[in-house]
Each structure stands twice: as C-alpha cells, then as structure tokens.
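2 protein chains.
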Amino acid sequence: MNDMARFSVNQMTVRQLSLPELVKSCAGLGIGTVGLWREPVAEYGLEATAALVRDAGLTVSSLCRGGFLTAAGPAAREAALADNRAAIDEAAALGTDTLVLVSGGLPDGSRDLAGARERIADALAVLAPYAAGRGVRLAIEPLHPMYAADRCVVSTLGQALDLAERFPAGQVGVVVDTYHLWWDDRVAEQIRRAGEGGRIHCFQLADWVTPLPEGVLTGRGQLGDGCVDLRWFRERVEAAGWTGPVEVELFNEGLWGRDGNEVLAETLTRYRAHAC
Amino acid sequence: MNDMARFSVNQMTVRQLSLPELVKSCAGLGIGTVGLWREPVAEYGLEATAALVRDAGLTVSSLCRGGFLTAAGPAAREAALADNRAAIDEAAALGTDTLVLVSGGLPDGSRDLAGARERIADALAVLAPYAAGRGVRLAIEPLHPMYAADRCVVSTLGQALDLAERFPAGQVGVVVDTYHLWWDDRVAEQIRRAGEGGRIHCFQLADWVTPLPEGVLTGRGQLGDGCVDLRWFRERVEAAGWTGPVEVELFNEGLWGRDGNEVLAETLTRYRAHAC
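Residue numbers (the numbering used here), protein chains in the order written: chain A, 1 to 276; chain B, 1 to 276.
Don't take each hint at face value.
[As the list claims (entries may be wrong)] Label pairs and their in silico Cβ distance ranges: (1) B:Gly-257 - A:Leu-217: 24 to 32 Å; (2) A:Ala-188 - B:Ala-42: 38 to 46 Å; (3) B:Thr-243 - A:Leu-217: 36 to 44 Å; (4) B:Ala-188 - A:Glu-78: 48 to 56 Å; (5) B:Asp-83 - A:Lys-24: 20 to 28 Å.
[Claimed, not checked] Selected chain B positions facing chain A (Cβ under 7 Å, derived; list incomplete): (6) Gln-159; (7) Leu-212; (8) Pro-213; (9) Glu-214; (10) Asp-225; (11) Asp-229.
[Said to hold, decoys possible] Some chain A residues well away from chain B (every beta-carbon gap over 12 Å; in silico): (12) Asp-97; (13) Gly-135; (14) Gly-215.
Hints were generated in silico from the structure; no laboratory data involved.
Virtual Cβ for every residue (Gly too), placed ideally from N, Cα, C.
The following block holds chain A by itself, in its conformation from the complex (with noise of 0.2 Å):
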C-alpha cells in the first residue's frame, strides 16, 4: 500500500460532514478508506449507510464505539451487553472487521479501578466470542488518563494488553491512538508487544495541542499542531507489523466550525507532512 492508500479518516474529524457529503468529499479527495462512528450511521440508516459506502467503493476502517462495561448493577450490565451486541451487528453489517471499545469509567460513586476493570473483562469474556462469530474484532482503546473517571479506566497500552491477551488475538486487540498514549515512556515496548501477540488492530493519529478546553473531549489537536511524533509513531507501530490503515481521528471545535471539506483537504495534507 502506498501512504494515500493508507489514509482513513474518522468521520468525526469532519462530523459536519453529512454522510452522503463525507462520500463525495472522499471521492474528490481520492481517499478510500473512513472510520464511522454508530450515532451518524443510526442517524443516516444502517442500511443506507452500508450501501452508500458500497456503492463509493469505499472500505470502513472501523466503527466506534461500543464499550461503556463498567456498570456495577445486573439490569445496567445486561442493557451494556445487548448494546454492544448491537454494536457489533452493526460492524458487521457496515462490512468493517474492527470495533473500537471505549471501555467506561467508574459508576458514579465508586473508587473502585480494579473492580471495574474485572467487570470490563467478564463483558469481554462474553462478547468476544459473539463478536468473532460475526467476524468482527473488539479492540480496546486505551484512552488518556484524564479521562479515567469518567469514560475509560483503560489508560495505558500495557493495560489494554494485559485485558486483551485474556482472550484470542483474533477476537480481542487493541487500539493504538497518539492522542492517548503520546506521554508514556513504556510506550514503544508496548506497541513491539502489541505487534507480536497480533494484537494492533486500529492505529489513530492526533496531536496534543494546549491549553486542554473545559472537559478536554474536543481539544484534539490537528496533525502537525501539536507536540506529538507521529511519525515516531508511525514507525513504531510498522516495525510491530501493522501494515492497516493509518486513521485520523479529530475532536476539535475549530475544525468542526470549518468547511468540511477544506478541513479533510488540510487533514490528508497535514497527513503526508508529519505522518508520511
């Protein structure tokens, strides 16, 4: 694959983007390849959404997200378990093989990490085979440790591994993202783990720009912005075998108040500047 046949962008880099206008705009663009998100598709249609990126030629790098296994409550687990059944129908049906977990923070009122941490594995233990059955793999994404309390108690790729590896490599990976592990100093030794357990099964690109915005979800820097290697990444996640699409993934204010389509115009420029 040449880097433009590699180049996915994550539909919520351009979410002003309709799903029809995301399709032309890729079109234009030459790129091939787009990561969906589950509320647009279910906004647009599953079937609609899964015959318009068909019928462009267009492959679906991955959905996001299911995930969210944390609840303590046996009524609260089983509804977060048939969601993420639905989740991963829906994968399916989209003609994607990658589901991307977020994997929740602490129920309102605990302290407990390692309790939730157990309950994300027992959901794990019960989805993953329903997920390889549908030929769709789960991949967790460690998400950065600010966001430990209250959306993901999964903060590190070692941990994310130390989850995964309960469970075969073809149904349980992970999710390299630059945004959530550019910090770690551990971080190159995972990423040759990941690689060699055949774990790496969706790789994301943002920067890290400050100052973070109040509740630091739509801070995501665009490529080049910001203080991240990416290219140090991109090499390091290829010297470990990954040879799938390089996914840009971008929660940003300013970009979402752009053109769309000049903004996924600069994105695959910034793209083949810093991560080419």
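Go by the hints and put chain B onto chain A.
Only chain B this time, still in chain A's reference frame:
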C-alpha cells in the same frame, strides 16, 4: 504520631490567606505543619516567613517548587540551575528538608520527550549534591500525564523512580500525590518500590473531580468530593514505610473563592473522614 500530628496543609489550598493569616488559622485549628510555596514566601519575605513559622512553632513539610529543567539552550539551562539553587537555599532557610520539583514540559516546538527527560537527569546531577550540602532533598513529583506537554514530562511514579534511582536516596526521591497518580494500575507496586528504596520524600492528597476546567490546573477536588480512594493510598505509603506528613494540596477556584479559615477547617474535617 497521631493523625492530627500527621496533617499538613499546603498553603496553596488556602491561597486566599496571607502567611500571618495562615499561621493564625493553623494555631486555632491545632495544625502544626505547613507546606509553602516560593512566590508567596518571596512576597512576604524569606527571613520574615522563616521567623513567622519558627515563632509559631510550625514545621515546614515541603517547599514548592523547583524544577523546570527541560530547556535545551545553554542560557536557559544555566538560568534554571541558578533558580533551583536559590530554591534549595530558600528551603534550607525555611527549615524544610524537602524541595518539590516539577520537572518541566517540552520546550516550545519540541517533540522530543526522551531528550527532555534526559536533560532533567543532567540537571539533577548538578543540583543533588548542592542540595545535599544544605540538608535538602529533591523530591521529583510525577504530574498527571495531562501536564506532560507544558508542565512536566515525568508522568508516572515508575518514571520518577527511574530518574531518582540514578542518585543517592538521601539526595533525590519522589512525591506521591494522589491527584496525579490515582489512575495508574502500576502505582501500588511503584509505591512499594519507592518505600523499599527510601525514596518517598513527600506525600500529598487531593481528590479527582470532573468535569476538568479549561487549562486543567485548578480543578483539584476537596478530599471526599471525587473518586480517589485516599485511604487506600495512605495505607500503601505507610505500608511502604512513610511516617512523615500527609500534606493536602488543593488547587480549586471554588475553594479559593470562599473564606480561607472555613476552607481550612473543612479540609481538616475531610482529612479525618477520608484519609485516616
């Protein structure tokens, strides 16, 4: 020591109090130990502060902060070393044996985390003997990874220990601060390691609350308001041999906007309820 004798208030928790107000408030509440910051000390005067706390019979648990040792240029590096020598002298003048180091972020435009970390080690090689000559220990504070870009490239206790262990334990140790470390699944083993090596030089408490404010500097929660298991941390640092002060350091706009005496009394109540 009983629990009351272990309590220390870092003056940033009640920054709205002047130094004489802080000393008076501590006397009224039976608090015998304070952590100080260089800026308010300089404003009141170094000798005047030293006399004030000495005359009140207060112990100074730590001085914040030295550090910011990641600059690449020779002039900036020399200025940082000079500033840290001054901070060491100030710690000695105030009668504390512990200078807290916030190591510094990436220089503007740099993406070289490994290089920045190595420059910290180079600076410690110069500063540690200087500090030892004045009876002061350098305490490397790992800061939460959300500060890695702009404040501190030392993000985990394990990483801080990797740095500290290049030097004698009496010269360079670490700060265990619950706010920065609570999310880390390796923290229990690293606290044990720190204790075995005699490297715990300072123990600080703050709670984690969400949503984080813009810039993420002033959102540390009052003890008990968040999701950190403070007692779990205290048990582990004590099992690792720590018998020194338990210092509460909160940066919180809401607390700063209230009456300082009331906040200090509340902090003591929360300490008893959640960390004893």
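Determine whether the Cβ-Cβ distance between Ala-188 of chain B and Glu-78 of chain A falls within the hinted range of 48 to 56 Å. 32 Å, violated
Does the nearest C-beta of chain A fall within a distance shorter than 7 Å of the C-beta of Glu-214 of chain B? It holds, given that the least Cβ distance between Glu-214 of chain B and chain A is near 4 Å, below 7 Å.
Status of the hint placing Asp-229 of chain B at chain A (closest C-beta pair under 7 Å): Status holds, d = 4 Å.
Agreement of hint Leu-212 of chain B with chain A interface, Cβ distance less than 7 Å: With Cβ-Cβ at 5 Å, under 7 Å, it holds.
Least C-beta distance from Gly-215 of chain A to chain B larger than 12 Å: Violated, since 4 Å does not exceed 12 Å.
Is the nearest CB of chain B more than 12 Å from the CB of Gly-135 of chain A? For Gly-135 of chain A, whose nearest Cβ neighbour in chain B is about 31 Å away, the distance exceeds 12 Å, so it holds.
Can the suggested window of 38 to 46 Å be confirmed for the beta-carbon pair Ala-188 of chain A and Ala-42 of chain B? 41 Å, holds
Using 7 Å as the Cβ threshold, decide whether Pro-213 of chain B counts as touching chain A. Hint on Pro-213 of chain B: holds, closest Cβ of chain A at ~6 Å, below 7 Å.
Starting from the hint 24 to 32 Å, judge whether the C-beta atoms of Gly-257 of chain B and Leu-217 of chain A obey it. 26 Å, holds
Starting from the hint 20 to 28 Å, judge whether the C-beta atoms of Asp-83 of chain B and Lys-24 of chain A obey it. 56 Å, violated
Cβ distance range 36 to 44 Å for Thr-243 of chain B and Leu-217 of chain A, holds or violated: At 41 Å between Cβs, range holds.
When the least beta-carbon distance from Asp-225 of chain B to chain A is tested against 7 Å, hint result: Violated: closest Cβ of chain A sits about 11 Å from Asp-225 of chain B, beyond 7 Å.
This entry does not satisfy hints 4, 5, 10 and 14, going by the numbered hints stated previously.
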